[in-house]
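Student: Sequence:
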Amino acid sequence: MEAKKRKFKLFDMNRDGKGVEKGEDGPKNFRNFFKYFKRKFGKLLSVNLLMVFQILPIIAAVFVFLTGPTRSTVINVLYPTAYCAAFMSPSPASDLFLATVGQQLGVPVYNSYVYYVIGAIALVYLLTFGWQNVGGTYLLRGLVRGDPVFVVSDYFYAIKKNFRQGFFVGLIDISVISLLFWNLMFYSQNSYSSLMSVFYVAVIALILVYFTMRYYVYLQLITFDLKTWKIIKNSLIFTVLGIKRNVMAALGIVTVLALNYLLFYIFAPFNIIFPLILPFFYFMAVSGYIATYAAYPVIEKYMIEPLPEDTEQSSDEPAE
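Here the sequence shown stands for residues 0 to 319, where the numbers follow numbering that gives the first Met the number 0.
Careful, some of the hints might be misleading.
Claimed, not checked - Here are the simulated DSBU-like cross-link-like pairs (lysine-lysine), alpha carbons at most 30 Å apart as the crow flies:
| hint | residue 1 | residue 2 |
| --- | --- | --- |
| 1 | K229 | K27 |
| 2 | K243 | K226 |
| 3 | K300 | K34 |
| 4 | K300 | K229 |
| 5 | K37 | K243 |
| 6 | K229 | K160 |
| 7 | K159 | K229 |
| 8 | K27 | K300 |
| 9 | K159 | K226 |
| 10 | K34 | K243 |
| 11 | K226 | K300 |
| 12 | K160 | K226 |
| 13 | K27 | K160 |
| 14 | K226 | K27 |
| 15 | K232 | K159 |
| 16 | K300 | K243 |
| 17 | K229 | K243 |
| 18 | K243 | K27 |
| 19 | K300 | K159 |
| 20 | K27 | K232 |
| 21 | K37 | K27 |
| 22 | K243 | K232 |
| 23 | K300 | K37 |
| 24 | K160 | K232 |
| 25 | K232 | K300 |
| 26 | K160 | K300 |
To be clear, the hints were calculated from the coordinates, so they are not data collected in a lab.
These numbers come from a predicted model, not from an experiment.
Construct the entire structure; sequences and hints are all you get.
Tutor: Structure, rendered in structure tokens:
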């Protein structure tokens, strides 16, 4: 019976932690990262069970889009000309030309259930995006600081405590992400001139800056009582002040992605899909932990440590 209980402890979200171990409150540097990461890995897997809902709606929407009723449509503007040529004067050359430009693409049938289902998924995702980030960031901050973390209760406590601001910051966040993604797609398809190429590079630079800012946005939201505009302003400043840690965090996240891609590349010839589903069990929490481990010491250095110990509670005082 005891062995059976121990078997399922890995994903027990509410079990007690091991407590503060020796060296737990040491410097949050690269040398200590792997030591802390090893200690927190089991808890990170539990945290990921909640954070994975940040990407599951996207997967569900793509699945509905790909499996719904479709109708075929040609994608090459030369198809009508090739079809007429093959019809009016059939020949091997005209048939070959028609086959070359006659590729068809399946698009969802207009006004089918696909649009309504995807719309509902998008609405739920839009409304809950900020709250999901608030809850996940609160858990990751606790792990980085060495606080006791109770996954489910702490997750919903953070959402309740930052309900209103978390919602509006989430709306701003998802809007900016969508705008940047749309611009990236647009300029990648239209970089036919030097000016368009400049815009394309500028969009990539903005994406890098904004995703670095996101390391700090939700951390400040759950730690301080600040106006939304001040959170955004501080996050932009921290992208410069913490540039070394930010770069290391980005490299760490890219390394995690590269390792998983390497596994997929190795096992794909054997039709083993395990590397394809593996990120759903760890990636959101692990990448979030890397970003939080890099960002929180910067916030601590510039916003927490300068506060006098006897300062009255103010708008910039850390929240519990």
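Student: Take the hints in turn and mark each one as holding or not.
Tutor: Comparing the hints with the structure gives:
1. K229 to K27: Within the cut-off at roughly 26 Å; holds.
2. K243 to K226: holds (27 Å)
3. K300 to K34: Answer holds: K300 to K34 is near 22 Å, not above 30 Å.
4. K300 to K229: Holds, at roughly 17 Å.
5. K37 to K243: Distance ~23 Å between K37 and K243 Cα, so the pair holds.
6. K229 to K160: Cα-Cα ~19 Å, so holds.
7. K159 to K229: Since the Cα atoms of K159 and K229 sit roughly 22 Å apart, the hinted pair holds (cutoff 30 Å).
8. K27 to K300: holds (12 Å)
9. K159 to K226: Holds, at roughly 18 Å.
10. K34 to K243: Since the Cα atoms of K34 and K243 sit roughly 20 Å apart, the hinted pair holds (cutoff 30 Å).
11. K226 to K300: holds (20 Å)
12. K160 to K226: holds (15 Å)
13. K27 to K160: Holds, at roughly 27 Å.
14. K226 to K27: holds (28 Å)
15. K232 to K159: Holds, at about 25 Å.
16. K300 to K243: Given pair K300, K243 holds - Cα atoms ~14 Å apart, limit 30 Å.
17. K229 to K243: Holds: K229 and K243 sit about 23 Å apart, inside 30 Å.
18. K243 to K27: Holds, at roughly 13 Å.
19. K300 to K159: With Cα atoms ~27 Å apart, K300 and K159 stay inside 30 Å; holds.
20. K27 to K232: Within the cut-off at roughly 24 Å; holds.
21. K37 to K27: Given pair K37, K27 holds - Cα atoms ~14 Å apart, limit 30 Å.
22. K243 to K232: holds (19 Å)
23. K300 to K37: holds (25 Å)
24. K160 to K232: Given pair K160, K232 holds - Cα atoms ~22 Å apart, limit 30 Å.
25. K232 to K300: holds (17 Å)
26. K160 to K300: holds (24 Å)
In this structure, every one of the numbered hints holds.
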